[in-house]
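Protein chains in written order, with the numbering used here: chain A, -17 to 443; chain B, -17 to 443.
Hints are computed from structural coordinates only; laboratory data are not their basis.
Values in this document were obtained by computation on a predicted structure and should not be read as measured data.
Among the hints, erroneous ones may be present.
Put simply, identical chains are the same to the list, so a pair is met inside one copy or across any two.
Straight-line distance between alpha carbons at most 27 Å, and here's what the computed DSS-like set of lysine-lysine pairs gives [to be verified]:
id	residue 1	residue 2
1	126	283
2	309	367
3	231	212
4	161	231
5	61	51
6	136	51
7	178	31
8	212	288
9	61	136
10	429	193
11	31	101
12	176	288
13	193	231
14	318	212
15	51	117
Number of protein chains: 2
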Amino acid sequence: MIRVVLLLSLFIVFSPSFSQNEDSLEIRKIFDEALVEGHAYENLRSLCKDVGARLSGSPEAEKAVEWAKELLEGYQFDKVWLMPVSVPHWVRGDIEEAGVNGKAMSIKTLGGSVSSNGKIEAEIIEVQDFEELEKIGQENIEGKIVFFNRPMEKRLISTGEAYGGCVKQRWGGASNASKYGAVGVFVRSMSHHKDKHAHTGSMGYEEGVDKIPAVALSIQDAEMLSALLKEKPNSLGYIHVNSETLPDKQSYNVIAEIRGSQEPDKIITFGGHLDSWDVGEGAHDDGAGVVHSIEALRILKEIGYKPRYTLRCVLFMNEENGNNGGKTYAAVAKEKGEVHIAALESDAGGFVPRGFTIDGTEEQVMQMQSWQALLKPYRLHLFEKGWGGVDIGPLKEQNVPLIGLRPDDQRYFDHHHSDTDVFENVHKRELELGAASFAAMIYLVDKYGLDSSFNGEIILD
Amino acid sequence: MIRVVLLLSLFIVFSPSFSQNEDSLEIRKIFDEALVEGHAYENLRSLCKDVGARLSGSPEAEKAVEWAKELLEGYQFDKVWLMPVSVPHWVRGDIEEAGVNGKAMSIKTLGGSVSSNGKIEAEIIEVQDFEELEKIGQENIEGKIVFFNRPMEKRLISTGEAYGGCVKQRWGGASNASKYGAVGVFVRSMSHHKDKHAHTGSMGYEEGVDKIPAVALSIQDAEMLSALLKEKPNSLGYIHVNSETLPDKQSYNVIAEIRGSQEPDKIITFGGHLDSWDVGEGAHDDGAGVVHSIEALRILKEIGYKPRYTLRCVLFMNEENGNNGGKTYAAVAKEKGEVHIAALESDAGGFVPRGFTIDGTEEQVMQMQSWQALLKPYRLHLFEKGWGGVDIGPLKEQNVPLIGLRPDDQRYFDHHHSDTDVFENVHKRELELGAASFAAMIYLVDKYGLDSSFNGEIILD
């Protein structure tokens, strides 16, 4: 018999103080405003229904810029402006067909794919990953369509981690298959959800490879095809798509700010991305992040909070296929010598918020974790070192701590980049809770900072 | 300037040990089985589609008993049996109409309501609560239909708490209105979701009051009616329903167990309720709890776990309108002198699990909280003193600690007791994570107990 002394978890929490009470009250006001008088849901409805899908370079993306500028101006923040961003302009064609043995499958051309230049027809070879290509060898791949059928790993609790584990087959599948002489690529959609909707997303070509077309198959079609190939290995696949890449266009990041009352030259940036894929309505990806960000700034203004630092809401353009909005923002900040206290991003959907991850120093992680007790009543429990976000990522080289809002992710990839990423699949209260959580974190960062020299002491005025 | 020393949260966690590793591995196996080879989703599909809605006393409830018995027998647990339970038998009529100024509204007769005995037509008086009835007085209520329009409080993060805050108008609205001479009752559905589906649920009559019919209005209709009454206070409401209460019937709790390997006379009971309301398919309420419970027992068997105590899965009958299954189970346990280590319940939906609440002593709360580190990788964060469950509630007088699984509750009342509580509104992975979480908690309770004299020491064999 082994006797183990189990120490009960001891939490040494803040002793109640005036300051904590004040914070509790302010955060309660933030949630009340979001849940009772919130604008997030109606704003998302308008973005999804009045603007719709809005891929960089498209007329809808330009409409989204106008939509956002007008909305932000209506809230009478201290300043609203557009920051020019050069964006790629890929266009899905009016022909988008692929199938097997003459029977159509539910597909989406991957973003960035070349046209098939007429119909390609070829045998199909199924693989799980790039390593398998090498094992099979050129003689078994040349002239064929390669079918990457690696599913997202069900065992992983984080669907984001499961996505990360197989997204390279989408991004690099065409280049890797092309090296062995393949003529086209089928990629299983990145999703756990077995429906008929294929999921698009970005792909690219390595320099020097022959560019071959790449399409995503719905999960149902991927499973059907895999079963079919076991029975009939010589089945003939076909791809007929006429997507194309046009010259770059000019677009914009849309920015609004409330000027800091004490140190206006120091900035807290927070945002989501205004562009989306050209399917569905970009509701979770990233309409939710857009309205979370707008709502956070609106709420903080509405409750009369006077920020110490300048609060800047940035709606980034072109996260989906280039991240030029994020890169441009960071470059402009560097050029102007702007000082960022922190950057926050919401780009993980409009689902019920679970907490935040921070890409920063150990001290910054601890600083964020010191706020747990204030946010626990709102069922925010996850405060960990981790991912910030794509749009704010380029600020990292300026040593800006990056914070990502973490909504629950079980349903996120069901809709991601597919026809079902629509307003109706966003839940009102979940969206509102996300906006309030985002605003509460911005409030705390503004009030206490995330100084990398944080040593356990906070100076309150 | 005030200088506050903020102590960083210090967690004194278990030092890694063989035992913790063993627990981690076992819990990992539980989640793997649920997520990769799980039966919960298919079992729920079958319960919803092959059986359907199953109110106590209905033929479908009896079909559910057969369904569960057969399923449990198929898993070859040590023992499967039926425990007789006498249940009420209320039947919704084939006439179910209510409206205003001759225009139909979307309604559901509340469970337990009497028939209107033909069509009632009367002016409508809107109130928020019982106190308002007293203020308004008999002269303004007599002969009218009382419309209880108190919404669930949006500010509350817990929708369960918001539900708890206004459910008394559903349960007691008719009796309270009847005392002032009302002829019928409209009750705003208990939901945050503004759709056209009315939500039923149980109501009762106090002794001695005239029994008047009570119907729930959909949220859209409640809001329409409230607006209409501001414009046209003399609007005429009508109710025409012919529900009735028939003699009690005999039904069953369905029970399966795996016998304990060390102390088989001590029992850990866990379950959900097999009955549902007679609308929708009882998918979240409580098909989810039923399949969580079955799946937990199946998983623990499948991974080869040998429980110390007897693990007993109980599918209770009649939670919705009487709780006779729960009462009978506790009475039988008492009569037989059975010793229960703990009772666990899943009756809060099939949504992503957030943690557990425990209705027990402070020591039992701490014992449960001591397992947090093992469950955090599965995003279970909520370990608090709180509600166990309705079915297991009657065991409390035998001093059994009661544990409730806590799925996220933002969407629960959208579907609760309405036509939309169907299989399609349950998410596969969320359901599976719930089943695995339930199984993991059962495993930990079995391995370590919840002894009320728990003093920070655990004895491991």
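Check your understanding: Can you name, in rising order, the numbers of the hints this structure does not satisfy?
Key -> Per hint list: 1, 3, 4, 6, 8, 9, 10, 11, 12, 14 and 15 violated.
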